[in-house]
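Engineer: Starting from the given sequences, assemble the full structure and let the hints guide the process.
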Amino acid sequence: MASIELIIVFTALAGVLSYFVGRLNKVAGSVVTILASMFVFVSVAYFGYNNELIHSTEFLPYVTFSVTYLGLFFAILVTFIFAMVSFFNPFFVEKYKYPALYSMLYLLSLAGVLGVFFTNNFMSLFFFFEFVVWTSLFLIPMGRSKRAASSYYAFSTVGSFALLFAIFIMREASGTFNIVSSMASVNGTEAAIVSALLAVAAFAKLGAFPLNVWLPRVLGNSPDAISAVFSGGLEKLGAFVAVLALVKLAPFGYVVDATGLAASQYVIAALGALTIVFGTLMAIRQDDAKKLLAYSSMSNGGYILVALTIASSASVSGGLYHVVAHALASTAAFLAIGAVSRITGTTKMSELGGMIHKMPVTYLVYLIAIISMAGIPPMGGFISKWLIFQAVIDKGMILVAVAVFFGSIGSFLYVFRPLAALFLGQELPQHREVSKEAPFFMLVPMVILSGLIIYTGVLPNFFLGFINNVLTEVGVTPLVIGSYTVTGTNGVLQPALIASVFGVGVLIAFIIFIVLKKSRKVGLMDTYTAGNFIYTEELMHYSLDFYAPLERLYEKYINITKDFYKRLENKVVDLGRLMKYYFFTNKPEIMVLWIIIIMGIILWGDIL
Amino acid sequence: MSAILLIVVPLLAAFISILFKKASPYILLIVSFASVIVLGYIELEVITIGGFASPYGINLVFDQYSLIGLYIVNTLFFLVVAINCVKFKEMSTILLIALAGLNGLLLTGDLFNLFVFIEISGIAAYLITATNKNPLATFNYLVAGTVGSSLYLVGLIILYAMFGTLNMADMANEIAVSGVDASLVAFPFLLMFIGLGVEAKLLPFNSWVKGILASSNKLTGPIIASVYAATIGFVVGRLLTSVFVFSDTLGLVITIILLASIIAGEAMAFSSNKVREILLFSSIAQAGLVVLVFLQGFIGWGVFLVVANAAGKFILFTVTNHASDELGTDEVNDLKGLFVNNKIVGLAFTVASLSAIGLPVFLGFVVKMNILGDLFAEGNLFIPAVILITSVVEGIYFVRLLIKLWYKEHDLPVVQYDFIIKYVVVILAILIMVFGVYTAPIETEANDLDLISFVEGGNL
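Residue numbers (my numbering), protein chains in the order written: chain A, 1 to 608; chain B, 1 to 460.
Any given hint could turn out to be false.
Said to hold, decoys possible - Derived Cβ-Cβ restraints for the label pairs, each shown as a range: (1) A:D563 with B:E378: 57 to 65 angstroms; (2) A:F564 with B:A176: 48 to 56 angstroms; (3) A:K566 with B:L412: 28 to 36 angstroms; (4) B:F382 with A:V573: 20 to 28 angstroms.
What the hints assert, rightly or not - Over the 12 angstroms line for every Cβ pair with chain A, so calculated as not near, a few chain B residues: (5) S2; (6) V8; (7) I18; (8) L19; (9) A82; (10) K210; (11) D334; (12) P384; (13) Y417; (14) D450; (15) L451.
Claimed, not checked - Restricting the straight-line Cα-Cα distance to at most 30 angstroms, the calculated cross-link-like pairs of lysine-lysine (DSBU-like) are: (16) B:K422 with B:K408; (17) A:K97 with B:K133; (18) B:K133 with A:K562; (19) B:K274 with B:K133.
Simulated from the structure, these hints should not be mistaken for laboratory data. Ideal Cβ positions, reconstructed from N, Cα and C, are used throughout, including at glycine.
Structural biologist: So this is what it looks like as structure tokens:
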């Protein structure tokens, strides 16, 4: 038995402890994060799965908890991600400006996340939501960019405040902050407004179009471990809210008879589709592997939104399964890139190459992760995408389906580029000496994640069974699953069979690889073009401008959203300057003039 | 003991301090400390001065509301003095007069007496701000302040002619009894509101603020932005909730002016690149919010908004003004990395700004959530929307500022904070955090304050 309250308090106290330990010894402080987050994960997962979590509260005022399958699903997943990523902290923490603070904020945001998933009170939900915002906020600038943090703050606060507005509207309707009863009490126009506001919160947290600007900045520039946490963990807060907004509340607007879908579902699906397309197109352009994965996270957020808004049994279980699959895959990929950057100090693909020779395990982890991201069997990403594709086609959303497929094919294009450029290919001279495989404790979480990615792809039924509990809870018909089969709308999937066929193929390929003659290693300069000798190795790097012809098609339009927000910001600045100009002169007579004008206007005629 | 000592003793000490120039800082320190301590020993009562019964004579109202105000203002005043009394020796006498004036503002139950105290504290403020070494701004402040208090006086004269009383509670009573249409008293109240608006930093009556606070030092920054602002907040709160009668149209117009003040304040802070400017425009927006909350009639949470602002602005202005005094610049870019070697002060600054934005586990969050909740409960959706949108803007510039002040690698600005500043800001920051988590006493107090009826209390 374990009490949720105690787990949260424990996490927060461990955070404070890690600060003081971190002041004495940087690495020791980050070891506390490993121990604490592992403990939290194990207790949440074990007791949660066995229905032994106690939700009564004794110490915390105003906060009440309850255990729902939805909350438990997200809590187990996110604590797992935090626990896995925490293994990276000791290896990175010394590079950061405030190492002790890093450890503390890491655990405090974990505590906040747990609160969000377990509370049954909207006010506490908002409290924890904002708590997560500011604790994670100060982790970001320890990485490469100082601007990323403020843009993260801006967008997630827009989301939080939309959430708050919805919360208060629901309270007015129901007189309570209780999540279940206040969501049940709204109907008609109010329900529509609440649903729209919650959707804004979900969009902001997921980094979906048009609230997407922060996501690539944060994921691309945070400390390596924090990028993984954001992509696998904190971003999933958005998915949690999206379930509340899109599945628990009924869709609204004009209902199309043929498909049975409401206007709001079309709008959200369209925005989700745009997110997928934009994320994919931007990911293709990136030279920085972390930025690339960041945009890929964005496009995967789009999948989750599309799936959840359709709200059929295949789509919701596909959406939730995608939450798991993407969390595992993107965390593994970010960690793999983090492991490379720890040794080489860069994540730019044009500056890297041939890391497979020194880091074979990291290479394999990345390979497995991207196979899952691209939705290829036998990895977890395939199962979720299979379900989502079916749901989209089944509902006749042709254009969305095109976007969804485009995203999948696009992800083939981009995820293999870091593989080819960064791990395969020629070793660059500057990294030849320094590179070696990541230390054992960094490999542990990566290997565990890879194992789970394969497991979710081969035997999805365990997780789908759990997701079915969530589905029942939120009022969606559960998905039909057998012991080794998944029944979708258009047929039965046998992932284990697919995996074994795939395994046989890999085995044959491996035998051929062993039997055939080994390739000969040559230097990058061991070549010539048109009779000229090559002097700069970097120019020979074949990941440079890899998709130039494709990029040329849309490179004019890549900054549309960014420019929009930039212009918005400038408008606020302009307004401020204008006000300063009119009201804050060094002349008191101007102030008197304003007083006279205001009194004149107010006293004009009989308006009082 | 009687609450009148809070006014008399500082005033007397001010005269004594002229005679003993050398001892004057210590007199100031002792008197300001004593007025905090004495507060615990005075019973709540209404004091009639000179034996003239209440509507005819002047009375001082020492109730729960003024008690909180006095505690906050006197404590912050003492802290300002503790930090500055050595450096600004020559200001000791004036600061004592300011203390008398501020306590008088909080205590008085008489509208004309209020005018007198506005003048006293105003004159003290003009002289204190002379230490900014920006005479033009001080002169503008003088002109603006005088215009404001004259408008207040004109409004008051009209009211006196109409109802024949100057006592606040009696005035409210007379207006209610006589059944005068709200539109008939709109003009005097508007004049008085504008008059107070000058001191309360409401747009567009606040052009003096920029000149004063943008060149403020360690003394004037906290005292104007925190101590004076808190006092005026309490005064406006009392008048708006208990005395003033606004017709619906006038209320609407004023609400719009206040919302505009909030929006403009945040936008101006957003467009500023100097730390002091950012803070001063932010406090303009906060002042607008305070008045707005009182205008809606939420006494309890309005009070705690004033308290949270005063404590927060105290930390913010003390920290930045000390740095800008030392460095001779307050450009954000010159102060980058200020906290790298001043972590304790930096943490306090961070707590104060996160509380100002309204993030959880800090006092600002509790206050903001309750105000928003009350507004929603009245079925008001527009005002919360404006507050939330401006909060986003506010959050962005504060977060930007914080990140700039915390993160820089080389060429860090060298600023030494003496231990007293460290103690003061850290204790205030801890209090902001403690009451952000342990909210029960605040909530009881806020609910109690809502129940106090000033009209009955003032006429005892």
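Engineer: Are all C-beta atoms of chain A more than 12 angstroms from that of B:S2?
Structural biologist: Correct as stated: the minimum Cβ-Cβ distance to chain A is 38 angstroms, above 12 angstroms.
Engineer: Minimum Cβ separation between B:V8 and chain A greater than 12 angstroms?
Structural biologist: The assertion about B:V8 holds, with a minimum of 34 angstroms to chain A.
Engineer: So B:K210 supposedly isn't at the interface. Is its beta-carbon more than 12 angstroms from every beta-carbon in chain A?
Structural biologist: Violated, since 4 angstroms does not exceed 12 angstroms.
Engineer: Has the hinted range 28 to 36 angstroms been met by the Cβ atoms of A:K566 and B:L412?
Structural biologist: Because 30 angstroms falls inside the window, the suggested range holds.
Engineer: Decide, holds or violated, for the assertion that all CB atoms of chain A are farther than 12 angstroms from the CB of B:D450.
Structural biologist: 19 angstroms, holds
Engineer: Given the hint that B:K133 pairs with A:K562, test it: the Cα-Cα distance must not exceed 30 angstroms.
Structural biologist: 44 angstroms, violated
Engineer: Evaluate the condition: distance from the CB of B:L19 to the nearest CB of chain A exceeds 12 angstroms.
Structural biologist: 36 angstroms, holds
Engineer: Hint check: B:K274 vs B:K133, CA-CA at most 30 angstroms. Holds or violated?
Structural biologist: Holds: B:K274 and B:K133 sit about 18 angstroms apart, inside 30 angstroms.
Engineer: Check the hint pairing B:K422 with B:K408 against an upper bound of 30 angstroms on the C-alpha distance.
Structural biologist: It holds: about 22 angstroms lies between the C-alpha atoms, which stays within 30 angstroms.
Engineer: Grab the minimum beta-carbon distance between B:Y417 and chain A and tell me whether it stays above 12 angstroms.
Structural biologist: Consistent with the label, B:Y417 stays out of reach of chain A, its closest Cβ about 19 angstroms off (over 12 angstroms).
Engineer: Are B:F382 and A:V573 spaced within 20 to 28 angstroms by their CB atoms?
Structural biologist: The hinted range 20 to 28 angstroms holds for B:F382 and A:V573, with Cβ atoms some 25 angstroms apart.
Engineer: Decide, holds or violated, for the assertion that all CB atoms of chain A are farther than 12 angstroms from the CB of B:L451.
Structural biologist: 22 angstroms, holds
Consistency with the previously given hints fails for numbers 1, 10, 12, 17, 18, ordered from lowest to highest.
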